[in-house]
Every structure is written in structure tokens, then in C-alpha cells.
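Visitor: Those sequence lines, one after another, are chains A and B. Note that our numbering has the first sequence beginning at 5, numbered continuously upward. Note that our numbering has the second sequence beginning at 12, numbered continuously upward.
Warning: the hint list may mix true and false statements.
Stated by the list, open to error - Selected chain B positions facing chain A (Cβ under 10 Å, derived; list incomplete):
(1) L108
(2) I278
(3) Q424
(4) V438
Calculated directly from the structure, the hints in this document are not laboratory data. Every residue, glycine too, gets a C-beta built ideally from N, C-alpha and C.
The primary structure of each chain is shown beneath.
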Amino acid sequence: MYPRWLWQALAAPGVVWLVLLFVVPFYAVIGVAFGTLDPIFQNPIPIWNPFDWNFDNTMQILAQFAPGERYWQVFARTAVYIFFAVTISLLIAYPVAYYISRHARRTKVILLVLLVLPFWVSYLMRMLAWVGLLAPDGLINGFLVWSGIDTDPPNWLGGHPGTVIFGLIYGYIPYMILPLVAALDRIDKNLLEASRDLGMTARQTFFRVTLPLSKMGILGGCVIVTLPMFGDYYTPMIMSGSPTTSMLGNQIYLYFHGGPQPDVGATLTIVLAAFLAVLMAYYLYSVAKAQRELQ
Amino acid sequence: MTEDNNQRDDRLERVLQRLGEHGMSRRDALKAIIASGMGVAVSPLVSRVAWGAEGPGGLPLARPDSPVTLPTHGEAIADGLEPESGTFTVFNYEDYLYKAVLDKFGEKYDVDVQITTFANMDQAVTKLANQDVDVDVTEITPDRLTQVTAGKLLQPINQGYIPNLQKNVWPQLQDPFYDRGSQYTVPYAVYTTGIGYRGDKIAEDIPNMDNPWSIFWNAQDYEGYTGIINSPREAIGLAMLYRGNTDLNTEDPAVIDQALEDLQALIPICNPKVNNTQYQTLSQGKSWLHQSWSGDPLMNVWWYMPEGMSSDVIRYWKGPKGATPVQNDCWAVPAASTKPVLAHLWMNFILEEQNAYTNFTSYTGYQPPLKSITPQGLIDEGAVPKHLRTAVVEPEDVGPGSIQYATLTFEGQRMWQDAYAKFISGV
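Please build the complete structure, drawing on both the sequences and the hints.
Guide: In C-alpha cells form, the structure reads like this:
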């Protein structure tokens with residue numbers, strides 16, 4: 005009925021969006037990483053022609069990703085923080101998403117709105133609010149002292165990894181819950197009933213039916229929160245400020261924020277993007293595999 | 012790193028030799044490589060030529076004991092011109108100028124006024140160089156002055172429009188080391204770098220310690236409440252001062268490496284925070300000991316004291332002249348300014364005693380270097396508590412014999428930044 009090109013044309017806005025807001029800027033970062041600097045102002049001068057790229061810096065930086073070297077240690081710290089943040093987020097998000105999907109009924113819309121509500125306030129403001137709450141004389145410590153739980157409460161903002169991980173969880177957990185709700189909603193209720201009819205307990209139904217069928221939601225949620233966490237620099241900066249809790253994003257920020265080496269910042273960005281591309285490839289492979297299994 | 016640089020220098024030397032065989036002088040060959048846009052990435056040697064062994068564009072590096080007269084690019088505006096009309100735009104850090112003072116200027120000259128902000132001096136220079144902003148007067152720090160002058164981003168000023176420079180400003184800054192003859196700049200604010208601390212939390216008598224800077228390396232009891240300024244120059248400079256090195260513009264790798272080692276040693280001692288929030292965290296109790304600029308304790312006392320808390324708890328120590336950094340920043344007129352007359356009038360206006368005083372005490376906390384503003388005067392007027400007299404800079408603190416972070420060569424900047432990056436990586 006309709007010409008084939010019409011359907012392809014529908015993808016045009018998305019393609020244009022991707023090209024303008026991802027491909028071009030990312031190529032600019034590559035151009036800066038392998039480019040040069042203005043000799044007077046030290047502004048980066050991207051080199052667009054790949055045949056003119058200079059890889060000396062890249063090799064030096066890659067060498068520092070070897071085990072024991074500087075970037076390796078920062079990267080390992082970042083990965084550990086994110087592993088804990090994503091795992092704990094999942095442990096919190098799954099029951100919440102399960103409740104919303106299975107039991108919320110009339111309150112489902114309200115709960116979903118409440119989940120989205122934090123997005124109305126900027127991430128920075130939400131973190132700053134926690135700084136106030138976690139301050140030495142903040143409400144949290146005030147409560148701990150008042151209730152007698154801890155008469156000498158810790159300085160939460162004194163450079164603790166736990167505080168940074170908490171900040172990451174708080175900041176990104178809504179991104180984990182929403183895809184999980186969507187995945188759980190998509191599970192055919194008849195499958196659950198069939199499971200029960202065939203003699204499985206509620207617990208067995210959850211572990212053998214619901215959980216496997218929500219695997220794509222889990223993976224999707226994990227990917228959605230992992231990607232921005234790897235680039236995050238303001239959470240450790242605001243919630244800790246200590247060098248011992250700095251993440252790879254802080255190194256990128258330092259080199260991009262000022263000084264004569266924006267090319268180093270750009271190279272670190274590319275290395276990080278390459279690593280995340282591997283994670284993304286695994287996710288896409290899993291999605292494709294799951295779709296094949298469904299067919 | 013050094014080995015890699017040497018290899019690149021060797022490669023460049025071979026290229027230069029080949030160009031030399033074709034009759035090109037060494038300097039011309041280097042310039043050609045720079046102009047090709049490939050040079051700096053190829054070798055630090057090229058950047059040393061671009062910035063000279065001195066500064067950007069081959070200009071000499073200014074130091075308090077080695078003043079520099081900058082070359083003049085273009086002509087200053089003529090005498091007796093009428094101020095322009097329209098919107099006058101000031102280029103400045105955020106929160107570093109009292110809007111009421113700017114509005115007063117607008118009323119006086121019957122123009123609309125606005126502020127365009129930058130996050131740091133790198134961003135300011137980039138925006139000026141790329142002509143990303145249309146601004147009439149700009150804030151600038153002395154360490155970037157040779158760079159923007161070499162890049163011809165500023166126009167010379169006509170001091171005839173700025174009588175307050177001679178009338179009100181400290182003599183030491185009427186003819187500053189970084190801009191002999193004040194050809195491009197007038198000073199805006201002056202400050203020292205010292206130690207801000209809570210007198211009720213810190214047991215040590217910091218001012219009477221043999222080496223007050225060493226308090227950071229003895230701050231085990233203040234873990235989680237200790238902070239360092241988030242700046243490569245200030246953080247590494249702190250470690251140098253701790254060792255008694257007062258050449259804060261050194262490019263000696265051994266000295267920089269030692270400073271890095273000392274900074275890294277702080278981590279197991281007191282796990283310092285690296286931030287610039289000391290202007291409020293001391294009074295809020297989030298930090299007890301923080302490397303600070305002299306404006307910070309004043310802002311703590313003026314704007315952030317919790318109700319019922321005495322300002323006596325906020326203390327500030329600075330070293331004697333030559334042992335503590337003293338800095339200032341300036342105003343200058345961009346070459347592309349479309350309202351240079353108003354820009355000159357603004358420079359004169361902000362050096363007017365009352366305007367400068369209001370801007371300082373009602374908003375910025377950073378002191379203008381005016382003769383009328385003295386420690387005793389500020390104390391008598393109740394603007395500064397007596398115990399924070401140390402936060403007020405005096406004319407004798409600046410000039411020859413003082414120490415100030417100044418322009419480094421390209422390689423020097425890289426060394427300082429890399430050392431700082433290693434420190435904040437927490438490795």
C-alpha cells in the first residue's frame with residue numbers, strides 16, 4: 005500500500021538526531037584527542053583527517069592503563085564503585101518495580117509519577133540536598149544523636165567510598181526501576197498462571213518464570229545506569245571531594261576543565277567510550293539472542 | 012615521559028636538519044612546523060619555541076623580581092571621547108562583582124549593563140580568542156596576561172580616563188611587574204593564600220608553629236575535615252611551601268616530583284578534600300582546616316556564620332612577605348570591545364573608593380588594593396573582625412620580594428598539571 009521508502013524515511017529524524025548530537029561531537033572529541041594545540045592560546049585544534057592523526061599521546065595514556073599504573077587504579081576504583089552501586093540499585097529497584105507491576109493496581113500511575121518526580125529537580129540540586137542532610141550537623145547525624153543510635157556519628161562527607169556509592173545509587177536508581185517495570189509489565193500473565201497450575205509455588209514461579217523473563221529489563225536497567233555512572237564526576241566531587249574516591253570522570257574533567265592538555269582529556273574519553281562500547285555490544289548481543297529465542 | 016619527549020625531540024631534530032639542508036633557518040623551520048598545526052603534538056620542543064624558553068609568543072616571563080614591559084599592539088583610544096551608548100557587557104567570574112555596583116555604573120552613564128560569566132581563566136581566554144563573546148571589559152589574571160597580549164586579544168589603555176589608578180591604587184600596583192607602566196591593565200582585587208581554620212577545633216597554635224604549613228602533615232586528628240584548594244598551582248605550591256621552596260614558578264621536575272610525593276603523603280594522614288568551598292564550609296563546620304584565600308575567612312564571617320555562633324572561631328594565617336603567595340587580578344579592555352570608552356570609565360569607576368569598598372564588603376569579600384582600605388580602617392569600621400586582620404592584604408605584601416604564581420612555559424604547565432592529576436587520582 006505504502007512505498008517502502010516511507011517507512012525508511014520515518015527513521016530520518018532519529019538518524020539526523022544521532023548524527024548531529026552523537027556522531028559529529030564524538031568525531032570532534034577524536035579530532036581533539038589526536039589533534040594539536042594552538043601554540044599561543046593552547047586551545048585544542050582538532051585534526052579532522054585521520055591520516056594526520058598523532059597517536060603518541062594515546063600510546064602513553066594507554067600504557068598508564070596497565071595493571072598497577074595510575075589510570076588502571078582509578079579505573080579499577082571506578083569499576084568497583086559502579087559494581088556496588090549497580091548491584092545495590094538492582095536489589096532495591098527490582099522489588100519496587102515488582103510491586104508496581106504486580107500489586108500497585110490503582111496506585112500504579114501515582115507511583116510511576118513519584119518515581120519520575122526526582123527528574124524535575126536537577127541532579128546537582130539533589131546531590132546538594134544530600135550534602136545538607138549528611139553534613140556533620142545535618143539532619144541524619146542529628147537524628148542519630150537524638151535517638152541514641154550513635155552519640156558520635158561519622159563524618160559522612162569526609163571522603164568515604166560508601167557515601168559516593170550511596171550518591172550514585174540515589175542519583176540513578178529511577179533509571180533502573182523504569183525499564184524493570186516495563187519488562188515486568190510485558191510478561192504474559194497466562195504464563196504465571198500456567199506455572200501455578202502446574203504445581204509451582206509462588207517462589208518457584210518467581211525464580212523460574214518471572215525472573216528469567218525479566219532478564220532483558222535487568223540488563224537494560226543495568227546498562228542505562230552503568231553508562232552515565234562511568235562518566236560521572238560530580239557525585240564524588242560533591243559527596244566526598246577526597247582524591248581517594250575520585251573516579252575516571254574526575255580525571256577527564258581535570259584535563260578538559262583547563263590547562264594545556266585537553267587532548268589527554270579527549271583520549272581518556274575515547275578509552276572510556278571504547279570500554280563502554282564493549283558493554284553495550286554484550287547488551288545488544290543479548291537482546292538479539294533473546295529475540296531469536298522468542299521467535 | 013621524559014624518554015618519550017626525548018625521542019620526539021630527536022625526530023624533530025632530524026626534520027629540522029633536513030629543512031636546514033634546504034636552506035631554511037632553524038627558527039623559521041620551527042615556525043613552519045608550528046604553522047602547519049602539527050608541531051605541538053609532535054614535540055614539546057616546538058611548544059618551547061612557540062612560548063619561547065620564556066613565555067607565549069616569545070615574550071619574557073614576568074616575575075615579581077623581574078618585571079616585564081609588554082609590547083603594545085594597536086593604539087589606545089584618544090583622549091576626550093564621549094562614552095558609547097547601548098549595552099555595556101562585563102566579562103567576569105560568576106559572583107565576583109556586586110550587581111548593585113554595576114547597576115550604579117549603568118545609571119551614571121545611562122547605559123544598560125550586563126555580566127557575561129566564565130568558569131575559569133582558561134575558558135575566558137578561549138572565549139576571547141575564539142570571539143565567542145561580545146564583551147567590553149574583561150577580568151584577567153596576571154599569569155595569563157602575556158598569553159593574551161601575545162595573541163593580541165587586548166587593546167592598550169589610555170590612563171587619562173583612569174585617574175583613580177594613580178590617585179587611589181597602591182603604588183606597588185600602579186606599575187606592576189606583570190605589566191610595566193600599566194599598559195593594559197588596572198588591578199581589581201588582591202589576596203593572599205594562607206590557612207583558614209577553626210580556632211575552636213584545631214588544637215595547634217598555627218601562627219606560632221615553626222612551620223605553619225606543616226599543620227596539614229600533622230592533621231591526623233582532623234581527618235575528613237581538612238581541605239586543599241582545587242587548583243594545580245595552589246595545591247602543589249602548598250607542598251613546596253611546606254618544604255620551604257618559595258620559587259612557586261619552578262619547572263624543576265625534581266621539585267615538582269617532591270611536591271607531588273608530599274601531597275600524596277597527606278592522603279593517609281588526613282585524607283584531604285580538594286575543593287574550593289572553603290568560603291563557607293569553615294563556618295558550617297564541614298571543614299576545620301583548609302588552605303584558603305584571604306577572602307574566604309571574610310566571606311565565612313560575613314555571609315555564612317550559623318546563628319548564635321561567634322565569628323571568633325574563624326581564623327586565618329598567612330606567612331610573612333616572601334613566604335606566602337600574594338595574588339591579584341585585573342581589568343583589561345578586549346581588542347574587540349565595541350565600547351572602549353565605557354570600558355575605561357568602568358575601570359576608573361571600580362577604582363573609586365566607595366564603589367570598590369561596597370563591592371568588597373557587600374559582596375565579593377576580595378579586597379581592592381586601594382590606599383583608603385587599611386586593616387585598621389576596616390577593623391574600626393567593623394567590616395573586619397580584629398582577629399581577621401591577617402586576611403587583609405597590605406601594600407607591603409606585594410611587589411619585589413613577594414611570591415606570586417606567574418606564567419609558566421607550556422612544558423611547565425604540563426608538569427604541574429600532570430603532578431596534580433596524579434595527586435587527585437588518589438593513587
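Visitor: Check each numbered hint from earlier against the structure, then list the numbers of those it violates in ascending order.
Guide: 1
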